[in-house]
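J.: Starting from the known structure of chain A, arrange chain B on it as the hints suggest.
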Amino acid sequence: MKEKELLLQALAGSNADYTEIRIERELRNQVQFQKDKLENLESSSEFGGIVRCLKNGGWGIAVLNDISQLQQKIEEGERMAHLVGEHSSEAAALAEVPVVQETVHAELERDFRDVSLGEKKELIASYNRILLSYGKRVVSTNARYTDSFREVTLANSEGTFIVQQVPDITLLLVAVASAGKTNIEQGFESLGSAAGFEFVLGREEEATNAAKRAVDLLSARSVDGGRYTVILDPGLAGVFIHEAFGHGCEADFLFKNEQMAKIMTVGKRFGNSELNVIDDGYIPGLRGNIPYDDEGVARAKTYLIKNGILSSLLHSRETAKKMGAIPTGNARAVSYEYEPIVRMTNTYIDVGVHSFDEMLAGTDKGIYAVKAYGGQTMFEQFTFSAAYAYEIVNGELGEMLKDVVLTGNVFETLRDIDMIGDDKELYGGSGGCGKGGQSPLPVTDGSPHVRISNVMIGGK
Amino acid sequence: MNALLEELKGRQGELYHLQTRTLPVEFRSGKLESIKSKELEGVALRVIDNGRLGFGTTTNVKDGHGLVDAALATAAFGEKASLAFPAQDDFPSVDTYDQAIVELSERDLVELGEDLIARLERASSEVDINLSINKVVETVKITNTSGLDAKEERTSILLSVDIEKAREGDIFLLFEEAQASYLNELQVDRIANNLIQQLRWGERIVPTPSRSLPVVFSPAGAICLLLPLVVGFNGKSVFMGTSPLRGRIGETAFSTDLSIADDGTIPHGLRSSSFDDEGIPTAHTPLVSNGVIKRFVYDLRAAALAGVEPTGNGSRSGFRSLPKVGMTNVTISTGTHSQDEIIAELDEGILVDSVLGLGQGNIISGQFSNNVAVAFKIEHGKIVGRVKNTMIAGNAYALLKESLIGLGNERRCVHGMLNTPTIAVDGVNVVGQVK
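Sequences listed follow chains A and B, in order.
My numbering puts the first residue of the first sequence at 622, with every later residue one more than the last.
My numbering puts the first residue of the second sequence at 2, with every later residue one more than the last.
Just chain A, same shape as in the assembly:
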């Protein structure tokens, strides 16, 4: 039987109030060098599926690798949904959305599935040589390439049937430099896109920059902890807006929580009127793209903050129904192992009017923080490590600083953004976003340079 018929027949046999099946095929490759060794060269394939049933307001979910079990998994999903419905006074329901029947093909300039393993290996080997040969102080490297081509089919009991091809390609270049046993530093460049093999070509300059930064950081000074005026580069500002603010707009964490919902009420002021924050489900080539989300809802360009005012949250069909909102196409699953949850796509602060030079000129004493090692938030509290930084003295960039960790309360910090640059950049990165055990989800974030007064920096 053809796969489509198999899915439609399984759906027709379900007794749940709502049933959805998502199946996925993936082909992926990885090439990784560490120091002078080829660490991994891998070619893998995957097939799996997930069934989600809603019955009496309860969710039952079943995951499989073997399609011949589909019927049985739907019955299992139904049975568990029924049990949840029995036990919970909180009934889930779904906002209505248009039925969609569509196939979305990936359009790649140079399809990485047609590139030989040998060519992929040679390219990454060449970047690794650049990292390693930068100087004696480079003691180790990590040069990693990944590609993944997924074909995801979504079918639900309302008649939606969508097939989407999802390409993803990443390149991570890390140099580790050392000067004595405890002085060890890293420099990295992390790139990712929903593009073809052309995306990873010509990255020699990034490799050189990663190695140079690792070596430069060895002699950089540790920042002194305290409060500073800080200019964030587009990379770090993008991570900030994603981590510290974007996650707070994901309606699934607050739709059953009145206290939280009150804090994140649409119409509240969160920043000055120059501040606009957007989540956009499709910008050509970007890593966070999803023409349709994993509930079959079409992408949207959603203003989270418009002119400083909270303008919308990000929704799944369930959160939208509960909160009386319109689904925004943000229900995403990292793979067939997981049910969709509310996630960001391509998230950024929109451009303002100030030049970087203007920001610098108005800063007597501050810090210019560049790129993020990582970040974490606990609702209102956030923390980020800058990859590197420079001090700002009397409007000019000074010496390089390290161990710069920014922390604070997101609401205060958004209000303290006093200048937004005219120079927006968006980054895919080679990692991804993690939430609810689902990681790494491909996302993009970005921003212009932004200046924030009064940021707490933890130093040595």
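Watch out, some of these pointers could steer you wrong.
[As the list claims (entries may be wrong)] If you anchor each label on the Cβ, the simulated ranges turn out as follows:
1) A/G678 / B/S213: 46 to 56 Å
2) A/E1033 / B/S213: 25 to 35 Å
3) B/T337 / A/N1015: 49 to 59 Å
4) B/S339 / A/E1033: 37 to 47 Å
[Unchecked claim] If you want the ones that stay clear, here's a sample from chain B, every Cβ over 10 Å from chain A, calculated:
5) E7
6) V103
7) E104
8) A119
9) V138
10) Y183
11) R191
12) W202
13) S260
14) V293
15) H381
16) I384
17) V385
18) I406
What the hints contain is simulated information worked out from the structure, not anything from laboratory work.
Remember, predicted model here, so these are calculated numbers, not experimental data.
Using N, Cα and C, we set each Cβ at its ideal position, and we do this for glycine too.
T.: Below, chain B without anything else, positioned relative to chain A:
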């Protein structure tokens, strides 16, 4: 021999086969939200062809041809193989399987969650509780062309709770988890009691000064100090030259009160097993004895590169990944006093249970600088309230050598791999809230 290995036609190969059944049950805002049944099966194949390594994985366990072809295709460009697959060995007898967990039904898990939520809601009003409970039953099979044919069944149960208490201008988020390989060892009471106590301690927010202070890391908080060591004792990092401990075996690099072992043989241990993910017997490996660096841990490949014996630390995260060096149960020596007694000795300090941004700085060097997530102020030997917007910074290596002031007398299994008591150190740089 396994039929798939026979398709290698005389080449060396290793097949790792993993079947996993999980049953996550999720509660949101105190109410049951979903139950999920997950059955996954996949295989990973490593081959050596013309002296070169290849690797591939698939979920299509019936299509041996496809997997062999994919792995051989990578071997054509692969690394020169330094390792050899191990022959069958005598494995230590380690208990990893509890029938009581296998028999737990979804209804049992739902009731366990409902009971705990009811208990927490009775103890504190206006809290929002998310809870998840999951049982895991997995079967690992490793076979290779050297004659290894190993199989083990493992069980575990994981319970995690986060609580949020929102008030005007303040949100207090608490997190606790318990994990066990055997059902009757799941510490539900400890989770409940800890959360209730921390909610009570957190009712008041107190200011922190900005200066050097003693910090008491609870077992859960101790990861802040121990994470750099997990990286530093990794034999691969040592071989690659990125560990600050390279070349320092025999050196007293830590306080003489501190001993650390990696032990994959602990009865009912969370990361205990009879063999590692490459079929090497697990072991008790001393890393630090009374402050002196003893050994590092290795998987097959790192051991071959470094010219040492593997220590049973080949670790895979599921069937999709190549084995890497991974710790099993990292066991820290205990002291003589309870956490309460350690706190009672301090005139002023901070108790840290969790931090934000763990491991996101330059952890190789031991440096940490984190905003506290759940932490409390100690004054005159007592907890006086919660601290927030407070950074703690220091170097784990330096603190564990020069500034260790106490180890608790009771170990807890936290973060899956640490088996640690409370660790108290002096001289942590604290940056408090200014306003």
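J.: Does each hint fit the structure? Answer for all of them.
T.: Quick rundown of the hints versus the structure:
| no. | hint | result |
| --- | --- | --- |
| 1 | A/G678 / B/S213: 46 to 56 Å | holds (55 Å) |
| 2 | A/E1033 / B/S213: 25 to 35 Å | holds (27 Å) |
| 3 | B/T337 / A/N1015: 49 to 59 Å | holds (56 Å) |
| 4 | B/S339 / A/E1033: 37 to 47 Å | holds (38 Å) |
| 5 | E7 | holds (21 Å) |
| 6 | V103 | holds (17 Å) |
| 7 | E104 | holds (17 Å) |
| 8 | A119 | holds (13 Å) |
| 9 | V138 | holds (14 Å) |
| 10 | Y183 | holds (23 Å) |
| 11 | R191 | holds (22 Å) |
| 12 | W202 | holds (17 Å) |
| 13 | S260 | holds (22 Å) |
| 14 | V293 | holds (16 Å) |
| 15 | H381 | holds (26 Å) |
| 16 | I384 | holds (20 Å) |
| 17 | V385 | holds (21 Å) |
| 18 | I406 | holds (20 Å) |
No hint from the list above goes unmet by this structure.
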